[in-house]
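Undergrad: This is what each chain is made of:
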Amino acid sequence: MERSFIKELQTIVGEKHTLSDRESLAVYGYDSTPELESLPGVVLLPGTAAEVGRIMRLCHGAGVNVTPRGSGTNLSGGSLSAAGVVVQTSRLNRIIEVDEENLTATVEPGVITSVLHREVESRGLFYPPDPGSMNISTMGGNVAENSGGLRGLKYGVTADYVMGLETVLADGDLLRSGGKVVKDVAGYNLSPLLVSSEGTLGFFTTITVKLIPRPQGKITMLAHFPVLQDAALAVSAIIAAKVIPATLEFLDKVTIKCVEDYAHVGLPLDVDAVLLIEVDGHPVVIAEEAAAVAEICRKHRCSFFQTAKDAAEAFKLTEARRTALSALARLKPTTILEDATVPRSCIAAMLKVIQDAAKRHNVLIGTFGHAGDGNLHPTCLTDERDKEEIARAHAAFAEIFNAAISMGGTITGEHGVGLAKKKYLPKLVGESGIRIMRGIKQAFDPKGILNPGKIF
Amino acid sequence: MVVMNFDFFVLFVNKEVLNMDYVKLINCMRCGMCLPSCPTYRETFLETASPRGRVALVRKLQEGELEQSERLLEYLSLCLDCQACASACPCGVNAGELVAEFTCERKESSGLNFMEDLILRKLVPHPDRLETSMTPMRLYQRSGLQKLVRTLGILKMFPRPLARMEGLLPTLHSRPLRQEISEVTAAIGTERGTVGFFLGCVMSLIFSDASRATIRLLSSLGYTVITPRNQVCCGAPNMLGGDMEGVKEAARTNIGIFAAHEVDFIVTDCGGCGAELKKYGHHIGDEAASAFSAKVRDISQILAHHTEELAPLLKPLPLKVTYHDPCHIAHCQGIRKEPRDLLKLVPDIDYRELETADACCGSAGTYNITKPEMSDRILQRKIDTVRSSGAEVLVTGNPGCLLQLKKGINDQLPGVRVMHLTEVLALSMDS
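Residue numbers (the working numbering), protein chains in the order written: chain A, 1 to 456; chain B, 1001 to 1431.
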């Protein structure tokens, strides 16, 4: 990038907040996506929404591309920039307001998700989306990617909570959409369109989310199933019994073995699946729900079932799920974590597809994830230096994605398309889908400077 | 529409320039779980000041993609080596240790400079010289010169690091503990066993009251305590300075010294020494070193084993108390529960958990002297949490933390006392 242009950008955010040395650019050349790297031209850390507007206006005039970045925990390459301007949101990190009358919170995009959780929970309120990276992920990133999390089954995902946005458009103008009103049918509903736009339509500077009352209680349960099919049927039976757990997580055999080898939490090695189940809500209701869950698991031949008596025991029961990724990731240097998602009735079939694909391509895949909402995390353990094995891993994932599509599922439940899933998107949404998406992109960003090269 | 070409995304090219273990570097999957745990990232939000960024910088150096520039070394030197990132990492990557190893690698080829050689080779390994070097400080304090200097504000004329050091130093005892303590302290009552006491340099020189309390607690619980007078510095300062040979030399000397005594455990009340002593096995790699390291215990580990015997010795201490986890105890040795259990054992004590208790205090070896600005910012967060805890006594287990916290507390919370864990327990025995 030309020095003179960097100098111009520097006059907007200040020298201290303009990074253009080789070393800095090198470490902003990645996010959490394995195998992908790309050097940006400059990294900016604006301190106000007005500065974001001025950055966009300048880049728009010069035809320079801009990529928004939060904490860089994206899993589809969405925060990478090819020689363009990276705008990091970390200094835009104020919780502007928690409105207890309207049950909303208004934040800047750099607010860390769990910081918002703590703030609203201290007032007896609840912001449910809890992506695995919530201790570092930003609200801006969550909205741009429509992040999910463990509580998705009962509470939905980020999109279900976004009520209003202030968005700096590609030309630097400000777009206001939605707000604190529950009902609003004035014109096209733009906020949901901007959610999961992966930084390609605009730069969020203010986000208003819906809050709900904090659940009063929670009961944690753990069940072991010797037969995979029984675990899958139990999941369906729990939902069919009209119990919607806040958490319904699953670990497969490969993951169980890794967890046990690594953490010694007392999992038997002869079971096919482990389910972690949490119900939350009014104490009387959850007691009934927990009893129903226990009954269903026993009916489906679980070999072990435990209900936590207190918080300490609950913590112990969730240990296997908490350590799942660590246990898997330590096996090999490279960890490819995917998020193919199917209707939950297809979970058992999807697990079979994953196991077969792993076998056929001779790669090691452990699967855990959100069984309740059909969002699985097949995780391939490999070594980026072994190009041949990496190729086999990608071949296995291609099969998995194709199967997900054919089951009426999707190629990505919560990580986004970004760069990593681009080639699968046309298969999922078809020609008309791509055409409409391109049209929307054209309407928002005719010069194509916002996070170019992502999604399609 | 600007069409960007992303075809140049490539797998890393493995050009091994440095001699480091490459797998340790590529194990980092860049998930970012380390970011919220890192004190310097929390202050700056800069990727270059994060564990993930540091691993990437070292990796790119090794791959030849980056050069060993001044700037790169400056970025790496901002690491406190507090290893909070290691506690947070799902894949077992230890960015702090990787940066330290990198420094050793670099020093191995470049050699130590004059000052490093003087301090790490000619001073630190020799307790007598180290103790003598403190004599001017003692004179300075005892002669009233310190008072004069502080009153007149002469410190402003000193070079900044020297002024920092002056501010950190508490009042020194007349003699270091190593010279005063008898080599064998007999067990009180029925003998339970024998422990070797590893007396850290800073504990001996500055916090001798705490180490006296440690010895007293051990003997009260029925341990004969052997404190070999010829033991030398654990080698942690050498590790910090990138002097691996110096670390190994210290390890060999201490292993030999303690091998001459029949001890069940080697106990230390210095978190930094404990962490280093436990790594001797890894550094030297032979059986004697592994056996030595296997015997090393932090004092809290030993005491927590004897809560039943300790409880009757403790008398009520109606104080509001909180505990700061030293990085070298919590992150490097994984000890968190024991010190808290011991404090809660004291009758009438009002124990309050400190918010982010295991976040570094900014002491980090000589970091508070070499990186005063960042160190102060990190210390300020700690002081703020102590203030909101409402504690009257701030307890910890490492001399570096004691020095740093005393400085911050003296400046801002003058009513609060900073004490070593064993001092609190000894106080409870006497109250």
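One or more hints might be untrue.
As the list claims (entries may be wrong) - Simulated crosslink set (BS3-like; lysine-lysine; CA at most 27 Å straight-line): (1) Lys1371/B <-> Lys387/A; (2) Lys1344/B <-> Lys316/A; (3) Lys180/A <-> Lys257/A; (4) Lys299/A <-> Lys253/A; (5) Lys1371/B <-> Lys1107/B; (6) Lys1248/B <-> Lys1337/B; (7) Lys309/A <-> Lys1337/B; (8) Lys183/A <-> Lys218/A; (9) Lys316/A <-> Lys1315/B; (10) Lys253/A <-> Lys180/A; (11) Lys1107/B <-> Lys1122/B; (12) Lys1371/B <-> Lys16/A; (13) Lys1107/B <-> Lys1295/B; (14) Lys387/A <-> Lys441/A; (15) Lys1344/B <-> Lys1248/B; (16) Lys1315/B <-> Lys1406/B; (17) Lys210/A <-> Lys257/A; (18) Lys1337/B <-> Lys332/A; (19) Lys1406/B <-> Lys1371/B; (20) Lys316/A <-> Lys359/A; (21) Lys332/A <-> Lys299/A; (22) Lys183/A <-> Lys253/A; (23) Lys332/A <-> Lys352/A; (24) Lys1337/B <-> Lys218/A; (25) Lys1248/B <-> Lys309/A; (26) Lys1024/B <-> Lys257/A; (27) Lys242/A <-> Lys332/A.
No wet-lab data here; the hints were simulated from the structure.
Since the structure is predicted, the reported quantities are computational estimates derived from the model, not experimental observations.
Undergrad: Could you check the structure against the hints above and give me the numbers of any it violates, in ascending order?
TA: Of the numbered hints given earlier, those the structure breaks are 1, 3, 6, 8, 9, 10, 13, 14, 15, 17, 18, 20, 21, 22, 25, 27, listed in rising order.
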